[in-house]
Amino acid sequence: MSQAEPFNEIELDQWVATAEGLRADGYRLVQMTGTARPDHFEVMASFDKDYRCANYRMRISREHPQLPSISGIFLAAFTYENELKDLFGFEVPGLAIDYGGNFLRTKTKIPFAGSVTTKKGPTTASSQPAANPEQ
Amino acid sequence: MTVPWYSISALVTKSALHKPATRLYPFEKRAPYARTRGHIQFKIDDCNYCGICAHKCPTHAIVTNKKAKTWAIDHTLCILCNSCVDECREGCITLSNHPLAPLGPADVARFREEYQAPPPPPPTEVELTPRDPAAP
Amino acid sequence: MLLISFLIVFPLLAALAIAFAPTADLRSAFVRWSALALAIASVVLAVAYFRTGPEFFSLGDTWNGLLDQVFLLGGIAVALVLLYLCRRISVRQWYIPALILLQMGLILVAELAPGHPEVARPFYVDSFSILMALIVGVVGWLIAVYAVRYMRDYHAQHPEVRDRQPAFFAIVFLFCAAMFGIVLTNHLPGLFFFWEITTLCSFWLIGYSGTAEAMRNAYRALTMNLIGGVFFAAAIVWLTFNPELQTWELDVVIANGGAAALIPAALIAVAGLTKAAQMPFHTWLLGAMVAPTPVSALLHSSTMVKAGVFILVKFAPVYHGTEVGLLLALIGGVTFLATSLIAVNQRNAKLVLAYSTIANLGLVVMCAGVGTTATLWAAMLLILFHAVAKALLFLSVGTTEHLVHSRDIEDMDGLVYRRPVLAMTLMVGMLGMFLAPFGMLISKYTCFQAFLTVDVFPGGGILLMAILAFGSAPTLFFWTKWMGKLVAMPRRTPEPMPEVPREQAFALLALTGLTYLACVLYPFVDWAFILPYTQALADAGLVPPPSDSTHWETFILMSVMLAGMFLLPVLFWLRPPHYATVSGYLSGANVAGSASYRGAMGGEREVTARGYYLTAFLDEQRLTRQGLIAAGILMIAMLMGAAL
Amino acid sequence: MNLEYWGFALAFIVLGPVVGGLLAGIDRRLTARMQSRQGPPLLQPFYDVLKLFEKDTTVVTHLQTLYLWAFLFFMVIAGVIIFLGGNLLLSLFAMTVSGIFLCLAAESTNSPYSKIGSAREMLLMMAYEPMLIIVPLGFFLVVGSFQVADILAGEPSQVVQLLGVLIGFLFVLTIKLRKSPFDISTSHHGHQELVKGLTTDMSGRDLALVEIGHWYENVILLAWLYLFFGPLGLLWALPIAVVLFFAEVLVDNTNARLKWGTTVKASWWVAVLFGVTNLLVLPFI
Amino acid sequence: MSFLTKSPWILHYAATSCNGCDIELLACLTPLYDVERFGIINTGNPKHADILMVTGSVNEESRKVLENLYEQMPDPKAVIAIGACALSGGIFREAYNVYGGIDQVIPVDVYVAGCAARPESIIDGVVRALGVLEERSKNRVRQRKVA
Amino acid sequence: MANRTIVPFGPQHPVLPEPIHLDLELEDETVMQALPSVGYVHRGLELLAEHHDYLDMAHVAERICGICSFIHSQGYCQTVEGLMGLEVPPRAVYLRTMWAEISRIQSHLLWFGLVADAFGYESLFQHSWRIREQIVDIIEETAGGRVIYGTCKVGGVRRDVDNETLQRIGRHIREIEAEYNELADIFRNDRTIRKRTVGIGMLEPENAHALGAVGPVARASGIAFDGRRLGYAAYPELDWEPVVEQAGDSFARCEVRLREINQSFDLIAQCIARMPDGEIEVSIKGKRPQGEVMGRLEQPRGEVCYYMQADGKKNLQRFRVRTPTFANIAPLVHMLKGCDLADVPVITLSIDPCVSCTER
Ligand code: NFV
Ligand code: SF4
Ligand code: SF4
Ligand code: SF4
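Chains as they are written, first to last, in my numbering: chain A, 1 to 135; chain B, 1001 to 1136; chain C, 2001 to 2644; chain D, 3001 to 3285; chain E, 4001 to 4147; chain F, 5001 to 5360.
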C-alpha cells in the first residue's frame, strides 16, 4: 500500500488485450471501479502478483459509456462489471453472468452517473412513521 | 490428538454438570466497564449553546439553538460515537455506561416532534475538477 | 357347468357380435351389456357355488374327447395365427417363430402321444377360481365400460392411429374368455390353450397403435410369453410321459405334492413368472405401457399377469416346504425389492404403476413360493386388492392423462383442487396400494408373520422378511410423493379442465367403492372365498391347517382407522375451520403470492418444486441389471433344484 | 383384553401429551445445560403450545388442517394400540399413516421449503421403516406374538437376545426424535437450511397440533423402548428406558447434521447389520 | 395472563444492518444471555414468529421483504426495531439507497437505541414488547368472542 | 412442467443471519445452478463521502460492517493517512494491530459458531459463542463498545490502554486460548463434521487464483497470499507466517481459520509484549488528504482494498471499498455448482460471507 503503485493510463481498446496479458503473466484481478468526471468516466482496475499491484485507468466517454467485458478472461470480473453497470450505467458487452442492471437494484438508478450529488426521496426524521393499526 | 467423539461428550457433560455461563440479565446486572458506551447524557447547567457538539455530530443527532437556549438530542439517531463528549469544552455532555431504556412509539414521536430533529443537510457538492494529469 | 360354459363361450359370441356390429353405437351397446352379463354371470357363479369345496365337472366321454380335439386344433390355430403375425419381422428375430414352432412341437408330441393321459373332469370350481372369476368379471366389466368412451376419445386425440375398435373390443372379450378358461379348467393342455390365447391377445393389444415402438414392445411381450409357453408345454410333455405321475389333470398334480410333481411345478413356475412379469422377464410389462390405458388396466389388474400368479398360487401346495419354493419366493423377493426401488425413479405415472404392479406380483410370488396357509391367504387377498386398486389407478391415470395431456406425475400438481373427484379416486387407489388400514397392508402384515415361520432353510424366512421390510420402504416413498403432488395447492389459479365423461366417472367411482368395500369386507372375503379354499387344501393334507391368530381388537382398531379415513373429511366438510390464508413462505421474497419471487437477476421468478426421483441415489439401469442377474441365477437354481 | 388395558389406553389419550410435553421440556432443559445455558422452564413446551392456541392460524390451503387432523388421529390410534396391549406391527403401520399425513399437510402448501421438508421426511421414513419393522418381528421371534401384552409378559432375557435390534432401534430413534445427526426434515432447535422444513407453512393451531402429535409420538417411542425392558418390571424398565431416551439428547449435542443420503444408507446398514443379523443368529442364543 | 408472554418466538431480519446489531441479537441466544430462559426461540420463520426484530434501515429491496414477512406473521404480533439504523437510518440516513427507519414500512412497537444495541438493551426491548403483545392478545381474544 | 425445483434461498433465512440471496435450481437435492444476488444490504455508503467530511467518514467506514468493524476503520484511517502523508506514532500502530487481531479472533469465533449452526451442531455453536463473549468483553473494556470500537481515528487512536490492563489481557487471552483449543480439536476430529466438510465445495488452486479468491479461501487452496505481508501496521516487526492449507475443500477453509485464531492469539501476545510507549496520535492540523491511492489490508475474510481520490477539500472526492467477500463471490458460485442443498449453507459459510461488507 503506497503511492508507489501508480495508475497506468491505457486506452479503452487496449483493455482486453492488457487483461489477457496480465492473465498470462499470472496476475490476479483485485478490483475494478469507476469514477465520474464532468466530461467522462474513469475506470480503474488493479491486478496483483506477489504483493505488487498493477493499476490501470481508462477513460470512457459519457455519451456512450461502454466497457468491453473481461469476464471471459477473469471470471471474477463479472461482479465488478455488473456493479459498474448498475452504479455508472455502463454497457458491458460480453458479460459472462449478466444481471441486466439488477445487480444492486438501487432506489436511485445509476447513482454515480450524473453529477456527484444525488437527490433523495423522502427524508427520514421528519417523515411520518407507518400507521400502527392499533393506535 | 483427541479421541473424536469423546471430547465433545466430555465437554457437554461437563457443561451440564456445572453452573451455566448465563448472566441472568434483568435479574442480576453486572457492573459496566468504565469505557462502556451506554447513552449520551446532558447537563444543561454548564452548556453555553455554542453548537460545537451539534456540528461535530456525524448524524446530526444534536440540535442546539443559541437564541432559544435549547439543546436537544434525538437518541434514535445517535450512534454513540462519543464525538460530542470529546468535543464539548464545557464538559456538559457525558457518556452514561448504561444503555438507554427501550422506547415506545410515543417516545420516538416526542423526540421527533418536540426536539425537531433537523432534516439531513443537503450533500456537499464535490467539485468535479478535471483530473490534473500531473498530480500523483 | 352351464355357468362355466356360459362364462367361456358367451364372451366368444360377444366378441363375434362386436366384431361384426354394423354401427359404432350398437357395438358400444354390445360391449356394455355383454360385459355386464359377464359380471352378473360371475356373481351368479359365486353365489351358486358359495363356500363349496372344489367341485369338478365331467362332460362325459364323447364330449371330453371332443374337448381334447378342440384344444388341440385350437392350439394349432393359435400357433398358426401367431406365425402369421410374425410375417413381417426381421431376420434377427428368428427366435420368435422358432419359439412358436418349439412349443407347437412339444404340445403335439404330448397330444399325439399314444396313450396320453385322459382328462376325466376337465372343469372345476373352487372358491379361489370364484374369486378370480369375480375379479375378471366385475373389474373386466368396469374396464370395458370405461374403455368404450376412452377409445372414442383416444382416436379423436390420435388420428394417426388406425381405428380398429371392433377388433379391439372383440379381442378384449376373447381375452376375458381365455381368462375364465384359465381359472376354471382342470385340463392342463386346455389351460395351455387358454394361456396361449392370452399371449396372442396381449400381443395384439400392445401393438394396437401400430407405431414402431408399440410393435417392438408387442414382440418383446410375445417373446417372453412364448418362452413361458415353452416351459409350460415342457411341463405337459413331462406329465405325459412320466410314469410316476402321468396325468393331465391339474388337481392331481397338485394333490400329488411330492417330488414327482415338483419338476412340472417348477417348469410351470417359469411360465407363471413370465406371465406375471417377474424379474428376468419383467420388461414386457413395462413395454405394454404403450397400449391404450384400458389395455394396461386389463393386463395389470384383472387378466394376464393375474393368470401368472394364479397358476403359481394354485401350485403353492407343491412348492410348500421345498427349496424350489424358497427359490421361487426369492425370485419374487428380488423382483419386489428391485422394482420397488426402481419405481422411485419414475416420473411417468404409468411406469410407476407398472413397476408397482410387478413389485406386488413379486410379493404374491413370494407368498406362493412359501405356500403356507397364511401366505395363501395373503396372496389371495393381495390378488384381490391389487386387482381392484390397480384397475382404479390405471383408469384414473388414463382420465387424468386426457385432462392434463401428460402422464408425468409432475403435471398432476394440485389435482385435488382442479378435479377433486378424480383426485379422490386416485388417492383411494394409492391408499389401497400401500397404506394401513387398507387391503395391501393387511396382506403384508400376514406375510411378515408367515415368512417368519418359514423353516425350509435356516434364515430363509428372515431373508424373505428382510426383503419385504426393505422393499416396503421405497413403496412408501414413491406413493407418498405422488399423493403429495396431487394434494399440492396450485400456486396460481389453474386453468379450467374438461369434465370427466359420465361413463368413466361411473367406472372410477365403482372401483373406488370396490376398493373401499374390499377393505371393509375383507373378513367376509376371507370367510367366503379364502377359508374354504385353504381349508380344503388343509383337509387334503397339502398345507398345514389355517390358524386364526388375529386378535379381535385388531379388527376393531382397523375399523376405527378406516372409519377415521372416512369421517375426518366429512367432519372437515361439515365444520371447516375458518382460518385466514396467506402466501407460502419464500424467504420473504414473495412477489405474486406463493407463485413467484424476486429472483437474483431482479426479475420475477416462478417457484417450482419437483418431486424427488433419487436418480443419483438409485440407478434404474444398475438395479435392473442386478435384479435380472439375481433372478436369472435363482431361476436356474430353481429348475436344477427341482430336477435333483 | 381386560379393563386394565382400557385404562392404560385412556390414560394414554389423556396423559400422553402431558408426559410428552414434559419429556420435551426436560429435553430442552438438558440441551440448554449441555450448552452451558440456563435454558427454559420445564413447562416451556406447554407454554408454547398454549400460546399457539392463542395465536391466529394462517394457512396456505385449508386442506392442510384436515391432513393434520388425520396425522394426529392416527398418531393417537398408534398409541392406543400399544397401550391396549395390542399389535405392535399394527401400531407401527398406524404411525406410518400418521407420518404420511404430516407429509401431505406439508406437501399441500406447495411452498418449496415445506415440500423439500416433506420429501426429506419421506426419505427418512424410507430410511427408518425397515429397522422399525424389524423390531416387532424380533419380538415375534422371541415371544411368538406381536401383542404388546405378550411381549411384556416375556422373559427378562429378551433384551439380551434382541440386543442388536435394540441398538438398531436406538439408532433410528435418533431419526424419529428429529435429533442431530438426523434432524434433516425439520428442526426443533437449531437452524436448518430448510427453515422449519415440514412445518414451515403451519402456524397457530395447526402448529400446535403438530407439536401435540409429536408429544404423543415421543410417548409411543418411549413405550417401544420400554418394551425391550418390560419383563424386568416397571421399576427397572422405566428408568432404563428414560435414561436411554435422554441419551439421545447427548447424541443430539455431539453430532453435526448429516445429509439424507448418508442417513438412508447408514440406517439401512444398521438395519442389516444389527437388525437382520440379530434375527438370523437368534436361534443360536 | 397471556401465554404469549411466556413463549415469544422471534423472527430476525437484517434489513441493511451492518451486522453489528445482528450479532448482538444472536449473542442474546447464546449462553451468556440465553433468552431461551424466557421461552424465546429464534424461529427464523415468519409463520411461527410472534415478534419481528429488525436490525438496520430499509432500502429498496429489504422494504418489500419486510412487508412480506410482516404480512406472513400471524396476529397478535409485535415489531422491535434494533439499533440506530433501524430507528432512523442512523449514520446511513443520507445514503442514496436508504429509506430510513423501518417505521416507514411497518409499524414499530419498541425502539431499542444504540449503535450497536447491546444485548441487555435488546432483552429490555423484548420485555417491553411482551407488554404490547399481552395487550393485543387480550384484544384478540375479545374479538374472537364477539365474532 | 417442473423439471427442476427452484427455491429462493434467502433473503430471510435462519441459517444465514444476513440477507444473502441465492436462486437455487435443484434436481432432487443437487444444486444445478446457484445464482447469488446482492442488493438487500446495499446502502450506497461510498457516496456518503459527500455528506461526511473525511474525519467523520471513519465512523461510516467502521460501520460498513459490525464484524470486521475495527479493521475497516483502521484501513480507512491508514489510507487517508497515506494520502496526507502522516506518520502514526508507534504505540498507536501497535494498539491498532492488537485490536485488529482481537477483531480477527472475534470474527473467526463468530464464524465458528455460525458454521457449526449451519450443519446443526448446536452445542458447538453455543460453546464457541461462549468463548467469543470473553473476547467481546476485552473489546468492551478497552474500546467501550462490544462490536463497534470507535477507537481509530485519522492520525492515531482515540483511546490508550494502560500497560497494566494490557498485561492482564495478555494473561487472559492465554486462558481463552486454552478453552478455544479444546473446541478447535473437537471441530477438527469430529467425524460428522468431517463428513460434512471434507471434499465438499472444492476450489482448486488454479481456480482460486483465476477467480480471484482472497483470504482464508485462497489460503485453503494453497495460495500463500496474506495481506498482512503487504507491510502495514506492526506486522513486519512481528513474528508470524501465513497459514496455508492445500486441500481446497470446506474443511481446509475451516482449518485455516481455526489455525489463524491461534496465530492471532500469538500476535496479540507479541503486540502486548513489544508495546512501545509514547503518543497515541499525531496532530492533523492544517493537513488535508490530497491525491489518489489504493490501500490494501488483510481482513478476517481476506484482502480489502480502499481506493480514494481527494483534492485537498474537506470531503473525499471518491471513496471506494472492495471487500474480501465481494472478491469471493465468484469462487462461491464455482463451489456451489453440483453440491447438495444441505451443503449450500455449509459451503456458503465456508467462505464466511459478510453481506454488509459485500454490498456496502
Ligand atoms: N472480514 C471482513 Fe468484512 C470486510 N472488509 C468482509 O467481507 O466482514 Ni463484515
Ligand atoms: S458543545 Fe457543549 S457547551 Fe457547546 S452546545 Fe454542545 S453541550 Fe453545550
Ligand atoms: S455520540 Fe456521536 S452520534 Fe451521538 S450525539 Fe454524540 S456526536 Fe452525535
Ligand atoms: S445501528 Fe450501528 S451497529 Fe447497528 S446496524 Fe446500524 S450501524 Fe450497525
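Just so you know, the hints here were simulated from the structure itself, not pulled from any lab data.
Any given hint could turn out to be false.
[Unchecked claim] Some chain B residues near chain D, calculated using beta-carbon distances under 8 Å: (1) Trp1005; (2) Ile1008; (3) Pro1020.
[Said to hold, decoys possible] No more than 20 Å apart at the CA atoms, straight line, and that leaves these computed lysine to any residue pairs for SDA-like: (4) Lys3265(D) x Tyr2613(C); (5) Lys1056(B) x Arg5288(F); (6) Lys3265(D) x Arg5194(F); (7) Lys5285(F) x His1055(B); (8) Lys1014(B) x Ala3247(D); (9) Lys3265(D) x Leu2463(C); (10) Lys4145(E) x Tyr2579(C); (11) Lys1014(B) x Arg5288(F).
Where a beta carbon is used, it is the ideal one built from N, C-alpha and C, also for glycine.
Going through the hints against the structure:
Annotation: interface hint on Trp1005(B) holds; nearest CB of chain D at approximately 6 Å, less than 8 Å. At about 5 Å, the closest approach between the beta carbon of Ile1008(B) and any beta carbon in chain D falls short of 8 Å, and the interface hint on this residue holds. The criterion of a C-beta within 8 Å of any C-beta in chain D is met by Pro1020(B), whose closest approach is roughly 5 Å, and the hint holds. A hinted pair counts as satisfied when its Cα atoms are at most 20 Å apart, and Lys3265(D) with Tyr2613(C) qualifies at roughly 16 Å.
With a CA separation close to 17 Å, the supplied pair Lys1056(B) and Arg5288(F) stays within the 20 Å bound. For the suggested pair Lys3265(D) and Arg5194(F), the alpha carbons sit about 17 Å apart, so the restraint of at most 20 Å is met. Our distance criterion of 20 Å between C-alpha atoms is met by Lys5285(F) and His1055(B), whose separation comes to about 18 Å. Taking the CA atoms of Lys1014(B) and Ala3247(D), the gap is about 15 Å. The hint holds against a cut of 20 Å.
Between the alpha carbons of Lys3265(D) and Leu2463(C) the distance comes to roughly 19 Å, so the proposed pair stays at or under 20 Å and holds. Distance restraint check for Lys4145(E) and Tyr2579(C): the Cα-Cα separation of roughly 15 Å lies within the 20 Å cut-off, and the hinted pair is therefore satisfied. Annotation: proposed proximity of Lys1014(B) to Arg5288(F) is violated, straight-line Cα distance about 58 Å (limit 20 Å).
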